[in-house]
Amino acid sequence: MNKYIRSFGLQAVVQTTDRRSRNVSRFWQAFPFFVALAFGIVYVLVVNRTAAQGFQMKELERSIEDLRSENKKSEVRIAELQSLQSLENRLSEQDFVPVARVEYLTVNTPAVALGN
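For the sequence shown, the working numbering begins at 1 and goes up steadily by one.
Keep in mind the hints are simulated off the structure, nothing from the lab.
Take the hints with a grain of salt, since some may be wrong.
The calculated label-pair distances, taken between Cβ atoms and stated as ranges, are [stated by the list, open to error]:
1. 41 / 63: 29 to 39 Å
2. 69 / 108: 54 to 64 Å
3. 83 / 44: 58 to 68 Å
4. 45 / 69: 33 to 43 Å
For each residue, glycine too, the CB sits at the ideal point set by N, CA and C.
Construct the entire structure; sequences and hints are all you get.
Rendered as structure tokens:
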């Protein structure tokens with residue numbers, strides 16, 4: 001092309017670029033792509049971890065509710081077993097008889113055991 005430009009008496013401006021500047025230019029052209037790719041990967045990892053923690057939280061909340069329900073059932077069962085009616089039924093099953101007359105023993109003088 002230079003030969004044709006010279007025939008018209010024009011001078012061509014030839015731009016010389018070395019290999020290094022072309023590589024730098026390619027780097028800056030590719031840099032936004034790799035930055036966007038890195039941000040995309042980080043975003044996917046963060047969203048995945050957050051979702052996994054959300055599922056874990058739901059599972060723990062469900063476990064807490066199950067334990068609370070079991071705790072209430074246990075409290076009701078304890079109250080039933082401690083009730084007077086339940087105690088009387090269990091005592092009668094073991095052949096205990098109700099006391100008809102209660103006598104209390106009173107001691108007027110205080111007694112102390114002495115060792116030798």
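Now for the hints, and whether the structure bears them out:
Under the hint 29 to 39 Å, the C-beta atoms of residue 41 and residue 63, about 33 Å apart, fit the expected range. At about 56 Å, the beta-carbon gap between residue 69 and residue 108 stays in the expected band of 54 to 64 Å. For residue 83 paired with residue 44, a C-beta distance near 59 Å keeps the hint of 58 to 68 Å intact. Separated by about 37 Å at the C-beta atoms, residue 45 and residue 69 satisfy the suggested range of 33 to 43 Å.
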